[in-house]
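Could you put together the complete structure from these sequences and hints?
These protein sequence lines map, in sequence, to chains A, B and C. All the letters of the first sequence, read from the start, carry residue numbers 1 to 188 under the numbering used here. All the letters of the second sequence, read from the start, carry residue numbers 189 to 297 under the numbering used here. All the letters of the third sequence, read from the start, carry residue numbers 298 to 1302 under the numbering used here.
No lab work stands behind these hints: they were computed from the structure. Remember, it's a predicted structure, so these values are computed and weren't measured experimentally. Positions of the beta carbon are idealized from the N, C-alpha and C atoms, including for glycine. You may find that some hints are simply not true.
Pairwise CB distance ranges, derived in the manner of DEER restraints [to be verified]:
(1) A:Glu61 to B:Gln272: 36 to 44 Å
(2) A:Asp186 to C:Phe421: 47 to 55 Å
(3) C:Glu732 to B:Ala286: 33 to 41 Å
(4) B:Ile219 to C:Ser845: 29 to 37 Å
(5) C:Arg452 to A:Glu60: 54 to 62 Å
(6) A:Asp186 to C:Leu427: 53 to 61 Å
(7) A:Asp186 to C:Pro944: 32 to 40 Å
(8) B:Asp223 to C:Lys1186: 18 to 26 Å
Examples of chain A residues lying across from chain C (beta carbon under 8 Å, computed) [said to hold, decoys possible]:
(9) Leu93
(10) His97
(11) Ala101
(12) Val147
(13) Ala150
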Amino acid sequence: MSNAVSALQGASYVDGIADVTEFGLRGMITLRGDLSDKKLIKAVKSIAGAMPGMRSIALEEDDGAAWMSPDELLLMVPHGDVASTIEGLSKSLAGTHFLAADVSDARAVFEVSGPKARDVMAKLAPVDFANSAFEKGMFRRSRLAQVPAAFWMNEQDAFTVVCFRSVAQYMFDLLSVAAQPGSEVDAF
Amino acid sequence: MLILNCPCCGVSGEETEYHAGGEAHLKRHSIGSTDDQFEEYLFMRENPRGVHLERWRHNNGCGKWFHAARCTQTLEVFGTYSAQTYEPPKEIKDAISAKRPGWTWRTFS
Amino acid sequence: MSTRLKTGGRFTDGGEQLSFDFNGTTMKGVAGDTLASALLANDQMLVGRSFKYHRPRGIVASGGEEPNALFNMGGTNDFEPNQRATVTELFDGLKVASQNHWPSLEFDVGAINTHLSRFLPAGFYYKMFLYPRAFWKHVYEPIIRKSAGLGKAPRAEDRDPDTYEHFYFFCDVMVVGGGIAGLQAAKAAALTGVKVLLVEQTAHWGGRAPVDGGEVDGQSAGDYVDALVAELATMDNVTMRTRLMGAGVYDHGYVLGYERLREHTPEVAGPRHRLWRIRAAQIITATGAIERPISFAGNDIPGVMLAAAVRDYAVNFGVSVGDRTVVVTNNDDAYRTGITLKGLGLDVPCIIDARSGGGGTLADDARALGIRVENGKAIGMVKGGKRVEAVELCSQAGEGGVLEVIPCDVVAMSGGWSPVVHLWSHCGGKLVWDEAQSHFRPDSERPPLGATGEGFVSVAGSANGHMQLAELMGDAHGAGLAAGRATGGTSAKGHIPEGTPTSENPVEPVWLMPQGAGYKLRSKAWLDYQNDVKVSDVQLAAQEGFESVEHAKRYTTLGMATDQGKLSNINGLAILSDALGQPIPQTGTTTFRPPYTPISMGAIGGEARGKVFQPLRKTLLYEWSDANGADWEPVGAWRRPFAYLQPSESVHDAVNREVKNTREALGLLDASTLGKLIVKGPDAGKFLDMLYTNMMSTLKPGKCRYGLMCSENGFLIDDGVVARIDDETFLCHTTTGGAETIHGHMEEWLQTEWWDWNVYVANVTEQFAQIAVVGPNARKVLEKLGGMDVSKEALAFMEWGDGTIGGFDARVFRISFSGELSYEIAVPASQGLAFWEALMEAGEEFGAMPYGTETLHILRAEKGFIMIGDETDGTVIPQDLNLQWALSKKKEDYLGKRAHQRSHMTDPDRWKLVGLETLDKSVLPDGAYAVEDGVNANGQRNMFGRVTSTYYSSNLERGIAMGLVKNGPGRVGEVIDFPKEGGAIIKAKIIDPVIYDKEGAKPNV
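In structure tokens form, the structure reads like this:
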């Protein structure tokens, strides 16, 4: 539908030490199943190009697969392709025990970018964001302040943050506060 | 504030990522159990000063439950292990024994 | 008088002129000053009044241990009390006011207390205010409250304009303290290749060494420090921060660091404080040592200062505290003060050394400069009021007989040095008493233990009891190497720097001066300046039986002020030990608790204030609802509209309108917050049969069933409608508050009990906007929008179907929580707002109006439907709510079934659900208890029921309620009493809880 809107409709904050931007709608599928199953691996590879290992993410332009837990992946496809992707999964995984659910609209997606993006993230998540400790290709679920979140790096200085849609405004405000002018930490 | 290693996703995370779930290895009693058995299952808990086996959930993380062998007195963590087990695996028992020779916990030692 | 010296100071050289406001007077300072040094440069010796006796007090120290120089700082919104002048860096426009006096600092009425001190001994409050009892509330308490506290509390209406934040940081080795030992330890650790964080609480590296002098590897200590700082700055694996205090050490290497970012530059944008939440595998506390005062009469008069502080002000800030300084000591270090001052051309009339043997080479140096040195002597009493005028010289061994009066305006005292063991001790590190140096220092054999069971804190430098450069450089270097190796570093050795040896005579403990001081002197010899505790108070406490150091502390309040006894504790427990006739280690110390010095509440809260104080969960319709009159109600973290107010409408009127409109025309409810869990797998039916009390595995695809969930101990935890999607897939609706907890509940059982069952659960709560379309016109609006067939034949009550409505992909459930014809329609959340607007527009001709949670509640209450959290409170079982029909008899087991067999659960006297109808049509108070005659074992009025839900029903034009009443269903028709607050009784008749459409015909059309 053309009237589909993301939680904050692309809001952005660009006055601080890093830029915070809400991405538009992104197709997301929760896939639960046996991650060692050959059928499943094949299906994931056909969608994301690769099968992600523990705590990592495979990305190929708009498509991707992130390792959520030992029996769960988060698949990413263009928002309009979710239904057909789930249909495809249902066919290719027929006969196996799995669950594929559209969670695109249950999420909000943000980008935190700029040379001080690591500073902003490290103010909110109890995770080591040192250059050597958090790198592109890693995928981490944790919390940002008071809400659960997952995040990864797109580029050396850009993070994607995913949270529940209902707390999108909180997350945007949180990232903006953490990026306020004059709050560089310069510890990385 | 503790650091625990989640055996399900390999994260070494601080306590705010986890949720404590009480004593591990409880045996479920239900229909057909005596009142005493059921009471024991529902309410009676170990409260040791020393080695303890506990349940934790990585709720701000992979969402999985796991077990931790920990000293309640020094907060030393002997190891974490799968929640899908009826007793601590040998390597956990050995790790405890190395630090607390002669330890016992319920029927384990 | 105290003044600025022409010679300049290390920190103030070249600094621009600043002006600041002290008690309304404009004073001048220099960039680099602390507030304390600037006040001294302006000859402001008197800086405050003491807590209890309102005695004149001056600056004592030069660092964070300062007990006296506390100020109310700032104006209105930025006001903060009890700020220490010694750690406040001066900036232009700083505004401060001294504390605890009335009407003024110079003339304070409260100073009368000092003359009453004989009548205000330790425990005075406990003794005095006990009787008569009646005096407490109206006489004693108001007086005590008025006199309590030092600084003013900020005004409740003021709002801190500053921001604060947290920062998570991880390192292998953290070194706390940027003195020469900390710097050396950091370098050594860094040489092993590990990641090092070095923090220093002040703005300057080097600590005491550049002031105290000495040489390392042939360089002056100051030059060595500069070179070390420069070298560390080039090391990629070292992070260095000044103005960052290690505030506390906690379990598993967790350290709180308190960084002061904008205190000294308030005009610069950015957070004021940052709380570092650090994880370090190894921590080295290079926290230095604090000089102890000496207990002699009049040791609290302004001008009596720590010897090293006098030296600091001269060297670092170019401030002479006075023209004539008498030094009094029991150790060699204080000679440095005399020598420094003499070198600056100031007069040092005498160095009074309590040791009969006197000092070592430093004493020789002093004598060589022409300073008079008196060994075995003491100060009998300091003369003066608001500043020092003279000291009475006496023998340390005697009782204070005056040998000579020495005029002076400063007394520089040194009772020896106590290592700062706080951070070592916070997490359980133990101490040993070092007899030779008369102090407690860390016992390296008993460190705090970390996650692996090994020690994770070590100590370096003077914090470790190594007071001389010759020992401490090697000690610090070794500590750094060891910590580096313990965290996976290399076995690099580096170069162990050599400090020049000095020949100092050992300290001799002097806990009281003179040794035989009588009561008159002892009652003027202060231990704790901030809380006004004297030697005589501690002795009295011991005499009255407060022998434990923890008891004596609380009885006398020794060490309980904002400085937490940094200067007073060791002296106090030495006096206590002496009074008890036992050695000091036997008395022990009080407990060291974080933070090391006070940290701001703002820093603790971090970013969590204002709009990000806590997360608010918002549905798709938040903005729409807000723009359309929503009166918001918190439901957990969600915000849901309580009612939608039309212009000039009250909440009560809006609710009444919504209720009538929904019953008579068409109501729309945003039900998106309801939990939605997909449960899928070959064992999904078996699993849900265990979770729900009723049978779910027999539900046919396309059908819905209302279900109850109990905990293992039988109590109701959730309810909702389950829809079977296909053979292997169910969609379980939970309550709004239950989405996350029930999801967690399912995962817990699947992961920890039935892990061999093939079931997956996914929480899709927020994927959908769910709109309840309710009322007689519900079908009309859907048919107008067009799409799937929603007729009774195509979609019967308690069925669901997929299709489109008005072009939207929709899943439609024919379920009703209102007793009306009702459809709950789920569309993807991204289209929720558009779908809602389409419904509103199409529904206009059918009287469509949104309704809020209060209407939802009234509609369900009229139908006798229970609400989790209203009718249940964690002690209620389905049987209490007459829901036996939902307890499967066919199933062998389900969660709660065994618990329902327990004797208390089968008790026939349990309170059960009934409807309540007030005789006067009024609305019962929520939670009101039904009472009867007699009292229970606790002397309380007997109760036999309570109100669980209560509303005004505009349909029935009276109050309606539900409640739990003992044997309730068997007492229909009986009238019972509910007292209101104040005692008036409301009479209510017990009725059937279902009062609207008893046959249930309306939703089924």
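Structure-based check of each hint:
Look at A:Glu61 against B:Gln272: about 38 Å separates their beta carbons, and that is inside 36 to 44 Å. The supplied range of 47 to 55 Å is met by A:Asp186 and C:Phe421, whose beta-carbon atoms lie about 52 Å from each other. Our hint of 33 to 41 Å for C:Glu732 and B:Ala286 holds, since their Cβ atoms are close to 38 Å apart. Range check, B:Ile219 to C:Ser845: about 55 Å between beta-carbon atoms, so the 29 to 37 Å window is missed.
At about 59 Å, the CB distance of C:Arg452 to A:Glu60 agrees with the hint of 54 to 62 Å. Taking the beta carbon of each, A:Asp186 and C:Leu427 are about 58 Å apart, inside 53 to 61 Å as hinted. With their beta carbons about 53 Å apart, A:Asp186 and C:Pro944 fall outside the hinted range of 32 to 40 Å. Distance hint for B:Asp223 and C:Lys1186: a CB-CB separation of about 21 Å, consistent with the stated range 18 to 26 Å.
With its C-beta approaching chain C no nearer than about 12 Å, A:Leu93 sits outside the 8 Å limit, and its interface hint is violated. For A:His97, the interface hint holds, since its Cβ comes within 8 Å of a Cβ in chain C; the closest pair sits about 5 Å apart. Against a cut-off of 8 Å between C-beta atoms, the interface hint on A:Ala101 holds, since the closest Cβ of chain C lies about 4 Å away. The beta carbon of A:Val147 is positioned within 8 Å of a beta carbon in chain C (closest approach about 5 Å), and the interface hint is therefore held.
Annotation: A:Ala150 was flagged as interfacial toward chain C, and the flag is violated, the nearest CB pair being 14 Å apart, outside 8 Å.
When each numbered hint is compared with the structure, violations occur for hints 4, 7, 9 and 13.
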